[in-house]
Structure formats: structure tokens, C-alpha cells
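There are 4 protein chains.
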Amino acid sequence: MKNPIIISPQEQIKEKYHSIRNRSAEICQPLEIEDYVVQPIVDVSPPKWHLGHTTWFFETFILIPNFPDYKVFDSQYNFVFNSYYETIGSRVIRTDRGNLSRPSVADIYRYLEYVDKNMDYFLSNYNLSEDLKKLFELGLNHEQQHQELLLTDIKYILGHNPLFPAYDENFPSEKPEQESLEMINFPEGIYEIGFEGDGFCFDNELNRHKVYLNSFEISNRLVTNAEYLEFMNDNGYKDFRHWHAEGWDWVKENNAKSPLYWHFIDGKWMYYTLNGLKEINPDDAVCHINFFEASAFASWKGLRLPTEAEWEVASEKFDWGKRWEWTGSAYLPYPGFAKEAGAVGEYNGKFMVNQMVLRGSSVATPIGHSRKTYRNFFQTKLQWQFTGMRLAK
Amino acid sequence: MKNPIIISPQEQIKEKYHSIRNRSAEICQPLEIEDYVVQPIVDVSPPKWHLGHTTWFFETFILIPNFPDYKVFDSQYNFVFNSYYETIGSRVIRTDRGNLSRPSVADIYRYLEYVDKNMDYFLSNYNLSEDLKKLFELGLNHEQQHQELLLTDIKYILGHNPLFPAYDENFPSEKPEQESLEMINFPEGIYEIGFEGDGFCFDNELNRHKVYLNSFEISNRLVTNAEYLEFMNDNGYKDFRHWHAEGWDWVKENNAKSPLYWHFIDGKWMYYTLNGLKEINPDDAVCHINFFEASAFASWKGLRLPTEAEWEVASEKFDWGKRWEWTGSAYLPYPGFAKEAGAVGEYNGKFMVNQMVLRGSSVATPIGHSRKTYRNFFQTKLQWQFTGMRLAK
Amino acid sequence: MKNPIIISPQEQIKEKYHSIRNRSAEICQPLEIEDYVVQPIVDVSPPKWHLGHTTWFFETFILIPNFPDYKVFDSQYNFVFNSYYETIGSRVIRTDRGNLSRPSVADIYRYLEYVDKNMDYFLSNYNLSEDLKKLFELGLNHEQQHQELLLTDIKYILGHNPLFPAYDENFPSEKPEQESLEMINFPEGIYEIGFEGDGFCFDNELNRHKVYLNSFEISNRLVTNAEYLEFMNDNGYKDFRHWHAEGWDWVKENNAKSPLYWHFIDGKWMYYTLNGLKEINPDDAVCHINFFEASAFASWKGLRLPTEAEWEVASEKFDWGKRWEWTGSAYLPYPGFAKEAGAVGEYNGKFMVNQMVLRGSSVATPIGHSRKTYRNFFQTKLQWQFTGMRLAK
Amino acid sequence: MKNPIIISPQEQIKEKYHSIRNRSAEICQPLEIEDYVVQPIVDVSPPKWHLGHTTWFFETFILIPNFPDYKVFDSQYNFVFNSYYETIGSRVIRTDRGNLSRPSVADIYRYLEYVDKNMDYFLSNYNLSEDLKKLFELGLNHEQQHQELLLTDIKYILGHNPLFPAYDENFPSEKPEQESLEMINFPEGIYEIGFEGDGFCFDNELNRHKVYLNSFEISNRLVTNAEYLEFMNDNGYKDFRHWHAEGWDWVKENNAKSPLYWHFIDGKWMYYTLNGLKEINPDDAVCHINFFEASAFASWKGLRLPTEAEWEVASEKFDWGKRWEWTGSAYLPYPGFAKEAGAVGEYNGKFMVNQMVLRGSSVATPIGHSRKTYRNFFQTKLQWQFTGMRLAK
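Taken in order, these protein sequences are the chains called E, C, Y and P. Note that the first sequence covers residues 1 to 393 in our numbering. Note that the second sequence covers residues 1 to 393 in our numbering. Note that the third sequence covers residues 1 to 393 in our numbering. Note that the fourth sequence covers residues 1 to 393 in our numbering.
Note that these hints are calculated values from the structure, not bench results. Errors might be hidden in some of the hints.
What the hints assert, rightly or not - No farther apart than 30 Å at their CA atoms in a straight line, the calculated lysine-lysine pairs in the DSSO-like style are these:
1. Lys393(P) / Lys317(P)
2. Lys393(P) / Lys210(E)
3. Lys381(E) / Lys372(P)
4. Lys238(P) / Lys257(C)
5. Lys238(Y) / Lys350(C)
6. Lys71(Y) / Lys278(P)
7. Lys393(C) / Lys16(Y)
8. Lys339(P) / Lys238(E)
9. Lys252(P) / Lys210(E)
10. Lys238(C) / Lys252(P)
11. Lys301(E) / Lys134(P)
12. Lys381(C) / Lys278(Y)
13. Lys210(Y) / Lys16(Y)
14. Lys350(P) / Lys238(E)
15. Lys210(E) / Lys372(P)
16. Lys16(Y) / Lys117(Y)
17. Lys381(E) / Lys350(P)
18. Lys381(E) / Lys252(P)
19. Lys278(P) / Lys301(E)
20. Lys134(E) / Lys317(P)
21. Lys252(E) / Lys350(Y)
22. Lys210(C) / Lys238(Y)
23. Lys381(E) / Lys252(Y)
24. Lys252(C) / Lys381(P)
25. Lys381(C) / Lys350(Y)
26. Lys393(E) / Lys372(P)
27. Lys393(C) / Lys210(Y)
28. Lys257(E) / Lys257(Y)
29. Lys339(E) / Lys393(P)
30. Lys393(E) / Lys350(P)
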């Protein structure tokens with residue numbers, strides 16, 4: 001194999017490319033072809049779309065503009081994987097992802113292979129400029145974001161099938177939250193948050209800047225299923241006083257009674273996991289709650305969610321990484337935030353309204369794709385991510 | 001093989017069973033697995049659902065109640081292929097057909113084989129009572145109806161994919177309408193319509209009864225693409241005077257400009273067929289129009305659609321079978337109509353409101369599944385069937 | 001006053017005009033100004049809109065084209081009372097009737113007076129051509145149709161106000177259905193239906209034509225509240241087998257449990273009438289049921305609704321006039337039906353799809369505005385008219 | 001009249017009560033009765049509802065619990081003016097505000113008078129506890145909020161009537177923005193924001209707390225119509241790059257091309273004002289833009305909206321009060337925010353999600369009802385308030 005002594009930076013880049021890219025296909029390995037196709041709700045994309053879309057990213061932003069001899073795999077794929085509209089003759093065809101049986105899964109794997117082979121050749125023969133290196137790094141991080149979405153979307157697809165098929169019966173189970181609950185104190189003062197250093201970060205993690213925090217307390221561990229069940233059993237979903245007005249509307253419209261994937265069967269709370277349907281483990285961190293539920297629980301407890309600044313400041317004092325943790329912070333630009341020029345500038349900034357920040361990462365997040373300054377964000381009603389919460393005061 | 005001399009009626013029944021059942025799988029033969037799964041609109045069912053549903057019919061209505069040793073293939077399939085709701089624990093899971101990746105296509109073919117083998121054994125070893133024969137006949141006709149739906153739904157699935165894949169490039173093309181247009185006269189008087197005889201008919205074709213018809217004229221052939229294009233070019237879709245009020249709403253909401261599957265590309269009208277995208281043939285019978293379009297065209301011509309009684313009376317005087325022909329008759333019970341007892345009584349009667357009758361049959365109708373008394377029916381806005389029209393005066 | 005001996009035909013016309021027109025304002029006399037303005041559902045128009053719209057009919061179709069010196073009252077009223085869209089600058093303003101506080105009620109009464117004065121002058125000084133006489137007659141019948149709508153809409157507006165104000169405590173109450181139920185027999189044969197004679201009829205009542213009817217039976221009186229309560233108490237609204245598929249969807253979506261205006265209060269069924277909230281009278285003809293409810297009741301009884309031809313043929317043998325009676329006939333053109341030329345041609349023909357015919361007339365129908373050939377029609381889900389049913393076999 | 005020397009605190013309270021309460025009826029004085037009734041969109045309430053609702057506040061929270069001999073005016077009014085649901089018998093009647101013709105306007109004025117007379121008697125004869133004084137103060141501030149809503153809702157009702165009636169032709173016009181645009185600088189550092197002092201404030205203005213601000217610049221005046229027209233003429237509404245993703249969806253769904261109330265007529269931009277339809281004055285501050293429009297404009301300018309902290313810190317250096325100014329801050333609790341106990345605790349906290357903060361006040365804000373710490377908030381798509389913007393960097 002490769003000789004560790006003479007490995008060039010360009011070789012490292014290639015290796016990183018293949019190692020990250022291969023993971024996407026690996027995640028899909030347990031699927032039936034049929035599982036790649038469906039889109040039960042608009043927030044969930046078909047697995048085959050994820051695979052095509054991340055491949056399209058490298059083709060469109062790296063190969064086409066920079067690799068002189070590159071031949072596009074299929075010119076029609078541009079709009080299939082770009083999720084835009086296309087006018088065919090006088091009639092617009094909306095390429096709803098979940099309605100597209102073609103390109104087939106086999107076609108998409110051929111597309112993957114083709115682009116990966118070309119990327120390999122390109123990385124072997126061309127030196128990346130600094131700008132291109134950045135874009136390349138963005139592409140790999142984009143790939144990892146879609147790897148996490150692959151797992152969450154696969155869980156949704158299989159977990160909403162009445163047969164409740166397991167994704168993978170050996171999917172690693174997670175460590176329960178067994179420490180006793182304690183609140184960690186932080187004094188008031190000026191702190192700094194935001195990314196610093198040389199590695200990769202998204203534009204939304206910049207600029208690093210000062211914030212003034214009042215003194216606060218934050219819990220050493222996540223809220224557990226047992227704690228959440230207490231809330232449910234204390235009429236948590238029936239008492240409007242705990243809820244935002246908009247959250248209360250959500251409860252009533254959806255007749256919400258529990259987190260997503262919970263089913264009350266024969267007198268027991270069951271829970272669909274990637275290993276199949278299981279009995280609730282009271283010590284596991286509660287999962288698949290939306291912002292409204294997290295806020296209502298905190299209000300019922302007489303506590304609150306931490307702000308993202310509090311979370312970031314405190315994050316060295318506790319373990320994190322099992323759940324995306326809802327914060328009480330709206331997703332807004334940091335001071336000095338500036339969009340990148342061009343298409344990649346659309347990446348983050350345009351979503352900075354009516355969403356809340358989540359911090360940490362989850363059991364579905366690829367290794368190496370988390371850091372304490374990472375700002376994830378979702379709309380307040382969404383439950384399908386591996387979301388949980390930590391309390392503050 | 002079987003000896004034609006000693007073939008028993010029961011043998012004939014078995015043969016008919018297999019010959020009709022095998023056709024369903026044959027229709028699906030050109031599909032990719034992915035094509036079996038999707039449901040782009042609510043009126044279109046995934047091909048794998050059709051296969052499972054017609055199989056479920058024989059399992060549920062023939063095998064389970066009549067075959068003592070029969071073992072249900074999978075007890076969960078009942079609600080998957082019955083399209084009802086199912087309560088799992090405290091939460092209802094809506095089994096939207098197009099969201100179900102499982103059972104897989106392979107599972108469903110195993111189900112087909114299992115039920116067919118059991119039906120074979122059952123038909124070989126049990127004599128069917130008269131009642132059961134009727135139910136069996138209904139099951140085969142039900143199968144044939146779904147065979148037609150399979151073709152129309154496959155056309156929709158592939159014809160709404162931006163890659164416009166052909167279903168089968170050798171799918172037989174149809175004979176154009178080349179006779180010159182003539183009107184055939186019928187005198188006023190009492191006529192009889194409705195099914196008579198010993199063969200199979202649906203409950204909605206009964207009772208045979210007298211109707212009084214004024215003298216009328218009916219055209220010897222279907223309206224062609226060339227004629228329909230005249231209507232389009234004469235602002236047919238822009239002049240509300242030709243349309244029903246509800247039809248005009250449909251035009252505006254959908255920005256309708258042509259029949260379904262027509263695309264104006266590079267100055268030419270193209271048309272998606274089961275052989276792929278083709279240029280419009282002016283002499284072909286116009287296809288994929290809804291009742292509103294058929295009525296508007298007739299009004300623009302200063303003519304009207306025939307009633308179903310006129311059509312049935314006149315049907316011996318012209319060729320039919322290329323298009324389901326919209327009539328001016330609402331789908332209502334005949335005098336003396338009575339629902340069958342039990343679940344099969346739901347078959348037709350409950351749809352007798354707000355739908356129009358279509359007569360004839362289409363290029364997608366299985367051989368042997370048409371007769372002049374057959375009453376097909378659809379809602380007035382639907383275009384996805386192989387629908388056309390004939391004019392009357 | 002007028003001398004009955006020398007009254008001219010033109011004088012008779014004027015007298016008829018004023019007598020019919022005055023009734024519209026009379027109907028509104030018990031209203032508060034606020035009651036004229038609201039539109040709780042799209043099928044209900046604000047009373048002030050009805051008044052303006054019928055006035056606009058005479059202004060637009062009689063005065064403007066025929067009275068040379070006529071000055072339009074307000075040129076903006078054309079689109080206010082014509083219910084079309086209007087583009088003001090670059091933005092379309094939808095003139096939703098229920099959102100328009102202006103023109104005020106006082107403005108509209110000024111408009112009424114102005115048009116009536118001009119009509120009076122016109123009718124006194126010009127002889128009406130035969131064509132104009134027809135149009136004039138149509139205008140008066142149109143006025144009477146809106147008088148009925150005024151009562152039904154006022155009932156809806158006040159009956160959906162939580163204070164349940166009476167429209168008029170002295171509004172005449174109706175005679176209960178006290179005859180014992182009998183079925184009247186008619187032999188099979190050829191009958192004629194449709195309007196004949198010299199008086200006014202709508203275009204949809206033509207042509208008079210022959211129909212062949214099987215022998216049938218029809219009930220001598222309407223279905224009563226007591227009978228309908230039996231259906232309700234026998235789980236009529238909970239058993240899908242009685243309902244059309246579309247009717248069953250309506251039941252579930254609306255959680256329907258009774259006719260419109262029925263309220264179960266303190267253990268008793270109450271009913272909002274134009275005299276206010278009253279206890280149900282078991283002998284009154286059931287009212288405010290839609291076609292789905294009428295069909296379901298008939299199916300539960302093992303009977304059916306009469307067709308419109310049966311009803312018309314039989315109508316001399318029973319009393320009618322209390323309820324618009326749902327028939328089992330779809331609203332379709334009679335043989336030889338032809339739209340009038342011009343705008344009044346839109347009157348009826350464009351609604352001939354997806355509606356059912358009602359026959360008779362109701363307690364809200366103006367005197368002189370009913371005949372046995374009259375074809376009323378509504379969509380199958382609508383309950384707000386004074387609708388009931390008679391059974392057939 | 002009253003002698004200024006001996007006026008007691010309780011007398012002052014009574015005087016303040018009447019002076020604020022009378023203003024509500026004064027605002028409605030130019031209306032026709034019909035204008036009090038309609039509700040063209042869900043965000044706009046009928047003027048008569050505002051009058052009843054603020055009266056109901058004093059009846060429900062002051063008189064009923066504290067005035068022993070008080071007799072409720074009409075027990076049904078509780079749910080009419082509380083906007084809840086009410087079950088009448090077995091059927092729920094939704095009291096949609098815009099569908100309620102009763103209670104009449106005259107009834108509501110009788111209710112006003114009755115409650116005011118009782119309040120007068122109560123304030124003359126009982127001394128208010130400290131808690132009650134607070135609640136009383138809240139009631140008056142609540143009244144003033146509804147006075148502003150009355151003006152904005154009346155503008156919407158009349159401005160969406162195709163006759164464009166003026167509310168009041170003498171409604172005071174506003175001073176244009178004539179200063180030349182300058183940016184005011186503020187150094188980075190710790191600042192304090194939030195209410196302090198003895199007067200009234202809403203719970204959402206507390207606690208006063210420290211924030212760390214980077215150095216920033218903020219404009220000395222509001223963005224004008226002329227500046228906004230430049231954005232419109234530079235394809236501002238057609239270039240997705242300026243817009244949030246959600247804002248761009250709003251543009252497309254609503255075919256948005258300009259602020260609310262702008263109409264392009266005969267080659268000129270016209271604008272509906274409370275004085276009627278007028279030509280746009282280029283120097284007026286732009287009005288009736290939503291958060292998406294404000295953000296898109298700022299992005300097009302290469303600038304941004306100020307945060308609410310920046311605005312509050314800077315507010316002493318510029319004039320404000322003409323427009324509610326959109327900020328870049330989400331509406332979230334201040335550190336230490338706590339809901340009041342009881343029903344009034346619902347006042348603000350439950351809206352702290354998915355809304356943005358507006359600062360300042362507008363030409364429609366009652367005198368005395370503004371302060372620099374006031375936090376107004378609306379959803380990002382709403383345009384019907386008197387909203388504008390100021391730029392920051």
C-alpha cells in the first residue's frame with residue numbers, strides 16, 4: 001500500500017476524498033433498492049437523491065470549471081440533482097424528488113464511480129489552488145452533512161413503514177445518560193465565541209467575537225427519556241401554559257403526544273430505532289423532539305434552554321455528541337458575517353431567519369464532522385433529526 | 001401438456017386464472033425496480049401496490065374463507081394492500097402507498113407465487129360453488145381492471161420523469177383514424193340497454209331496461225389530434241364560453257393548454273407515448289383529455305357528447321376500442337340496480353355520484369375485458385386514462 | 001288607485017316589476033346594518049350584495065343598452081356587483097364580497113331607488129320588444145331566485161352567530177307532515193317531461209321530451225324529523241355502508257352528526273329557525289340535509305330517491321312546496337337544450353356538471369316562483385338551502 | 001372644571017382612564033357602521049371587535065374580580081370578545097370575528113358606556129391596591145396597542161376596497177425625510193439595554209442587562225420611497241440573491257413587486273393612505289414593508305439592519321417615531337425574563353419564537369405609548385403595520 005513516509009499533501013487530499021466519499025455508499029449498503037426511492041415528507045430526501053446530489057457537487061463546482069478534458073456524465077442530471085424546475089416544451093415539470101424512479105440506483109452508482117475516477121485523476125494530475133482547496137474542503141463537509149441526513153432520512157423512511165424493518169440490527173447502540181444531574185456554574189463577564197484557527201469552518205461560524213453573558217448554570221448531561229416521560233405523564237402535552245402559541249398550534253394540529261417514533265403498544269412505550277422497534281430505555285437521552293417540545297419541557301421544569309453562546313462557553317465542561325441540542329438562540333448572522341461570493345455563498349446565509357440554533361452533534365454525525373463552534377439550525381417544528389436538550393438557568 | 005379432449009371445466013378455470021394472472025407480471029416486465037415504487041399523484045398507484053392488491057383479493061376473498069388449510073402469507077399485508085389506516089400503539093400511521101419501500105418488489109413476487117400456487121392447488125382439489133365461481137370471475141375482472149391501471153400508471157410515472165424514458169420501444173402503435181368523418185342517424189323510439197346474457201358483467205350494467213331516445217346522430221370515428229389542434233389554435237383553452245364553470249376553474253388553476261403528455265418543444269407539439277417522446281401524429285385519435293376538455297371541444301364544434309344510451313345503441317355501427325369515450329351521462333344506478341351483499345357490494349355503487357360514464361375501451365384494456373354494455377367512470381378532471389371522444393348531435 | 005278596467009299591459013308590467021322588486025327590500029327589513037355585510041362561507045353572499053347584484057342586472061341588461069338617456073349610477077359598481085376581478089395598477093384586488101364594507105347599505109338603497117325610478121320611467125315611455133320582454137321576465141325571475149337566497153343566507157348568517165338572534169319572531173311557521181306514509185304507484189311507460197305552455201321558464205326546462213319510466217312508487221309526503229332521528233340513532237352517520245364514498249369523506253372531514261342547524265343542548269335536539277332556536281318538532285319535514293345525507297337515509301331505509309322524471313310525473317298526486325327535494329338525477333341538459341346567445345346564455349348551462357337536481361320549492365321560495373318543471377340544482381355537499389327528501393322504490 | 005390644586009391620585013387615574021378610553025371611539029368616529037364589521041385577512045380584526053375586546057379586558061380583569069356589586073353586561077360576550085371556541089350543544093361554532101354581525105355596533109357602544117360608567121364608579125369609590133394599579137396600567141397600555149391596531153386595520157379594510165375610500169381626508173400628513181443620509185458611529189464595548197425606572201413597561205423589556213457590541217454605524221434617518229424605488233427598479237424583487245430563502249418563497253407565492261398599498265396606475269406609482277389614494281412622495285419614509293423586504297433592501301445596499309441593542313443604544317442620536325423599524329434581532333427573552341403569574345402572563349412570552357423585533361413607534365402609535373426600550377414584534381411576512389427601516393453597518 002501507500003508508503004507513509006513519502007505521502008504528498010496531494011496524496012493526503014486524495015485519500016481523504018475517497019475515505020469520506022466511500023462512507024456515503026457504506027451507509028446505504030443495508031438498503032433495498034426500493035428504500036432509495038421514496039420521500040415520505042418534504043424534509044426527507046430519497047437516499048438516491050443524496051448520493052446523486054453530493055456527486056453533482058463535485059462535478060459541478062470542481063470538475064467542470066477546473067478539469068479541461070472533463071466530459072459531463074449526463075447533462076440532464078444537472079436539474080435532477082439541483083432540485084430546480086425545468087421547462088420542457090410548454091409545460092413545467094416539477095422534479096419532485098420522491099416521484100423520480102429514474103435515474104435508477106444503478107445509474108447513480110455509475111455516476112458516483114465516474115465522478116470519483118475523474119476526481120482521482122484530477123487530484124493526481126493537477127495542483128489545487130488555495131481557492132479550490134477551500135471549495136474541495138467545502139464539498140467534503142457538504143458530503144458529511146448529507147451522510148448525517150442519509151441516516152436521519154433512512155430512519156424516517158423505515159420508521160414510518162408499518163412493517164418497521166430494522167435498518168441494521170447491529171447498528172451500535174448508545175451509552176445511556178447515567179450521571180446524576182448537576183448544574184455547572186459560570187460567572188458573568190465577557191466571553192469570546194466563534195471559530196478560530198486554521199482548519200475548516202462554515203461561514204456562519206465567523207467572525208469570532210465577544211459576548212457579554214450574565215452568570216448562568218448549565219446541566220452536566222442531557223434530559224433523559226425517564227425525565228421526559230414525567231413531563232408527558234404530568235399532562236405536558238395538554239397544558240398550553242408550557243408552550244409557545246405557535247407550539248401549541250403544532251400540538252393541536254398534529255395531536256402530538258410524544259416525541260417522534262414513540263408508539264404506545266400494549267401498555268408500553270416503544271421506540272423505533274435503527275435496530276428496529278425497542279422498548280424505551282429510561283436512561284437514554286430523549287431524542288427526536290422539536291424546539292417547541294424542548295421549550296415546553298424546560299418551562300415545565302422551571303428552567304430554560306441555554307443560549308448558543310452559553311453552550312459554546314460551557315462545552316468544555318461536559319460531554320456532548322449524542323444529540324443535536326436545541327438552544328434558545330435564533331439562527332442569525334454573527335457580527336461581521338459575510339456571504340461568500342458566487343453560488344456557494346447561498347450555503348448558509350439565506351436560511352438565517354425563523355430557525356433555531358442546535359449545538360453539539362449526534363450519533364448520526366460522521367466522525368470528524370463536529371466542533372464546539374459548529375452552528376446547526378432547523379425549523380422549530382422539525383423532529384426528524386437526532387435532537388435532544390440540555391437545561392440551563 | 002393438457003389434452004384438449006378431456007379438459008374439465010375446472011381445468012379451464014385454472015387455465016384462465018393463470019393466463020390472466022400472468023399477464024400482470026408480464027406488463028411489469030420492462031420496469032426497473034425503482035419504477036414499481038413511486039406514486040407521483042394520488043390517482044396513480046405504485047405498480048408494486050397493484051400487484052400486491054390483486055393478489056390480496058384472491059387471498060382474502062377466495063383462499064382464506066374457503067381453503068381450510070390455507071396459511072396467510074403475511075398477516076401484515078392485509079392493511080398494506082387494503083389501503084386502510086392502521087393504529088400502531090397510540091399513533092396512527094397512514095400507509096401512503098407511495099411512501100412504502102417495503103414490502104420489496106421481490107417480496108411481492110414471492111407473495112404472487114405463493115398465492116398462485118395455493119390457488120392452483122385449491123382449484124385442482126375443490127369444486128367451486130356457484131357463488132364462489134362468481135366471486136372468482138369478479139377477481140379476474142378486477143385483475144384486468146388493474147392491468148389497465150398498471151399501464152396508465154406506468155405511463156404517468158415515466159411520462160412525468162424529466163428523462164422521458166420509454167416503457168417499451170416496441171409497444172404496439174395504433175392505427176390512425178383515417179375514415180372521413182360521417183354522422184350516423186338513429187330514429188327516435190324505445191331502445192333497450194344494459195347487459196343481458198350468461199357471461200360476466202359488473203353489477204352496474206344491470207338491470208337491462210328500456211329508454212326512450214330522441215332521434216340522434218353520432219360520428220363514425222373518434223376526434224383526431226388534427227381536429228383537437230384546431231380547437232387549441234382557435235383559443236379553445238382561452239375562451240370561457242366553451243367550458244363548464246367548473247371546467248374553466250380547472251383550466252385556470254392548472255394553466256391548462258393541451259391534453260396531458262403534450263409538450264411544445266422547439267416549435268413542434270410532441271407527445272409522450274409508451275414508446276417514448278414522439279411528434280404528434282395528426283391522424284391519431286386525441287388521447288388523455290378530461291371530461292371538461294371533451295365537453296369544451298364539442299361545444300366549440302357546435303355539437304355534443306353522446307349519452308351512454310345513444311352510444312350503446314349505436315355501438316354496432318362503428319369501430320370502438322381505442323379510447324375510453326367520454327359520454328354526456330352521469331354515472332348513476334340503472335333502474336333496479338342493487339348492491340351485492342358483503343364487501344364486494346362496495347365495488348361500484350358507492351362511486352355513483354359526481355363522475356361521468358365512459359364507454360368502449362382503450363388500447364390499454366386487456367383483451368377480453370370489454371363489451372358494449374361496460375360502464376367505466378371517472379371524475380371530470382382526470383386525464384391520465386386513455387380517454388378520447390366521439391361527437392353527437 | 002289604478003282602475004282595473006283600463007290597465008294596459010305595460011302598466012301590468014310596471015306593477016309586476018315594483019311588486020317583485022319591493023319584496024327584496026321587505027325581506028331585509030328586519031336586519032341590522034351589520035347583518036348586510038358578512039359572508040361566513042363562500043356559498044353565502046352578504047345581503048347587501050344580493051340587493052346590489054339584482055339591481056345591477058336591470059341596469060346592465062335593460063337600461064344601459066335600451067334606454068338612450070340613462071346615466072350609470074356609479075361606473076365602479078359594475079365590478080363590485082359582477083363578482084369579477086379588477087386590476088388596479090399593477091396589483092389585482094380580489095373583490096371578496098364579504099370584505100367589502102363599501103358601498104354602504106345606504107348607498108345600495110340609493111342605487112335601488114335610482115334604478116327603480118329609471119325603470120319606471122323607461123317602462124312608462126318605451127314599449128318593450130318581445131326580446132326585451134323575455135329579458136325583463138328573466139330579470140324578475142332572477143330577482144326571485146335571489147330573494148330565496150336572501151332568506152337562506154340570512155338564516156346562515158344569524159344561525160351561525162353564537163347569540164342565535166331570531167330573524168323575525170313572527171316568521172310564519174310551517175304545517176307539519178301529518179299524513180301517514182303511503183307509496184303511490186305509477187305504471188311503466190312513456191311519459192313526457194319538461195316545460196310546455198306560454199309562460200316563463202328557464203332554458204334548462206326545455207325541450208319537453210319523452211322518457212321511458214319503469215313502474216315506480218313514490219311517497220305521499222316528505223321524510224320527517226322523527227324518521228331522520230331514527231336514522232341518526234341507528235348510527236346512520238357512523239356506518240359507511242349507507243354512504244357514497246365521497247359522502248363518507250364528507251362525514252369524516254366535517255365530523256357530521258346531524259343536519260345543519262341542529263344542536264344537541266342539555267339532552268335535547270334543538271334547531272335554529274328564522275324564529276330563533278327551538279326544540280325539534282318530530283313531525284316537521286327534515287330540512288337542511290345535503291344529497292349525501294338524503295342518499296344515505298334512503299339507503300338505510302332500503303329505498304331510493306326518485307329521479308326528476310319520476311318526480312315530475314308524480315307531482316300532481318302529492319303536495320309539494322315545503323322543501324327543495326333532492327332527486328337521484330344529475331343536472332344535465334335535456335335533449336335539444338340550447339344555450340341562449342350572449343351573456344344570459346351563461347345562466348344555466350355552464351353549471352351542468354357535478355350537481356344534482358332538486359325539485360319542488362321551499363318555504364323560502366317567493367310566491368309565484370315555482371312550477372312542477374322547475375329544475376333547481378346544487379352541489380352534493382351543500383346543506384344551507386331548505387332541502388329535504390321524498391322516497392321512491 | 002376640576003381644580004388642579006386638589007386633584008387626588010385617584011382622580012388622576014380616572015382622568016387618564018377616560019382620556020385613553022375615549023380615544024378608541026374617537027378613532028372610529030369617521031367610520032360607517034359597515035366598516036366596523038369586516039375582516040379581510042386573519043391578521044386584521046373588525047373595528048367593533050377591538051372596541052369590545054378592550055372593554056372586555058377591564059370588565060374581566062378589573063371589575064368582575066374586584067367590584068363586589070358589578071353585574072356582567074352580557075355573559076355571552078365573554079367568548080365573543082375572548083376569541084375562543086364555544087361548544088353549543090354537540091357542534092362547535094367557531095366565532096370567526098369577521099362573520100359576526102352581532103353584537104351590533106350600537107350594542108358594543110352600549111357595552112363601552114356601561115363598563116366605563118362602572119369603572120368610573122369603581123375608581124371613585126375604591127382605592128386600587130398596588131397589584132391592581134399595575135393591572136389597570138396594563139389595561140390602558142393594552143387599549144393603546146389596540147388603538148394602533150385600529151388604525152392599521154381600518155387602513156387595510158378601506159385600502160383593499162376597490163372604491164379606495166379615504167378614512168379621513170384631514171388625517172395629518174407626515175414630515176418627509178429630508179436630511180442627507182449620514183452614518184453615526186459607535187465604539188465597541190459593553191452597553192446596557194432594557195427598561196429601568198419607575199414607569200410602566202411590558203415584561204418583555206426586562207431585565208435591564210449588559211450586552212457587548214462591536215463597533216457599528218447606524219443611519220441618521222429612515223430609508224425613503226425614492227431609495228426603495230431604486231431597489232425596485234434595479235430588479236430587487238426579481239433577484240433571489242438579496243432574499244432569505246423563505247423571503248424568496250414569499251415573493252414568488254405572492255407575486256410581490258412593491259410594498260403593500262402601492263399600485264402602478266397609468267405609469268405612476270400611487271399609494272393608498274388614510275387620506276385616500278395619492279401619488280408616491282419620494283421623500284417619505286418607505287412604509288408597509290415586511291422583514292423580508294427590509295432585509296433584501298439592506299442586502300442590495302451592501303448593508304444590514306441594526307440589532308435591537310444597537311438601535312436602543314443609538315436611539316438618542318436620531319429622531320424616531322414615524323415607522324416601526326425592523327431590526328435584525330429575533331424576538332427572544334432577555335436574560336432573567338419571567339412571565340407574570342396568571343392570565344396576563346400570556347401577554348408576551350408565548351410569542352417569543354419565529355418573530356422579529358421592531359423598535360421605535362409609528363405615526364399610528366398613540367401619544368405617550370412609546371419609549372426607546374419598547375419591543376414590538378411581528379412575523380416576518382407581515383406588511384400591514386406602519387413598518388419601515390434604518391440601515392446599519
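To see whether the hints hold, each was checked on the structure:
1. Lys393(P) / Lys317(P): holds, 16 Å
2. Lys393(P) / Lys210(E): Roughly 17 Å between the alpha carbons, so the hint for Lys393(P) and Lys210(E) holds.
3. Lys381(E) / Lys372(P): violated, 33 Å
4. Lys238(P) / Lys257(C): holds, 26 Å
5. Lys238(Y) / Lys350(C): Between Lys238(Y) and Lys350(C) the Cα gap is close to 16 Å, so the pair holds against 30 Å.
6. Lys71(Y) / Lys278(P): holds, 28 Å
7. Lys393(C) / Lys16(Y): This hinted pair is violated, its Cα atoms lying about 40 Å apart.
8. Lys339(P) / Lys238(E): holds, 19 Å
9. Lys252(P) / Lys210(E): Distance ~38 Å between Lys252(P) and Lys210(E) Cα, so the pair is violated.
10. Lys238(C) / Lys252(P): Holds: Lys238(C) and Lys252(P) sit about 24 Å apart, inside 30 Å.
11. Lys301(E) / Lys134(P): Holds - the C-alpha atoms of Lys134(P) and Lys301(E) are around 28 Å apart, at most 30 Å.
12. Lys381(C) / Lys278(Y): violated, 43 Å
13. Lys210(Y) / Lys16(Y): violated, 34 Å
14. Lys350(P) / Lys238(E): holds, 16 Å
15. Lys210(E) / Lys372(P): The given pair, whose Cα atoms are some 25 Å apart, holds under the 30 Å limit.
16. Lys16(Y) / Lys117(Y): Given that 30 Å is the threshold and the Cα spacing comes to 14 Å, the pair holds.
17. Lys381(E) / Lys350(P): Holds, at roughly 15 Å.
18. Lys381(E) / Lys252(P): holds, 23 Å
19. Lys278(P) / Lys301(E): Violated. Lys278(P) to Lys301(E) sits at ~55 Å, over the 30 Å cutoff.
20. Lys134(E) / Lys317(P): violated, 43 Å
21. Lys252(E) / Lys350(Y): violated, 41 Å
22. Lys210(C) / Lys238(Y): Given that 30 Å is the threshold and the Cα spacing comes to 37 Å, the pair is violated.
23. Lys381(E) / Lys252(Y): holds, 27 Å
24. Lys252(C) / Lys381(P): Since the Cα atoms of Lys252(C) and Lys381(P) sit roughly 27 Å apart, the hinted pair holds (cutoff 30 Å).
25. Lys381(C) / Lys350(Y): holds, 15 Å
26. Lys393(E) / Lys372(P): holds, 28 Å
27. Lys393(C) / Lys210(Y): holds, 17 Å
28. Lys257(E) / Lys257(Y): Status holds; Cα separation ~27 Å.
29. Lys339(E) / Lys393(P): holds, 15 Å
30. Lys393(E) / Lys350(P): OK: Lys393(E) and Lys350(P) at ~18 Å, within 30 Å.
Hints 3, 7, 9, 12, 13, 19, 20, 21 and 22 from the earlier list are contradicted by this structure; the remaining hints agree with it.
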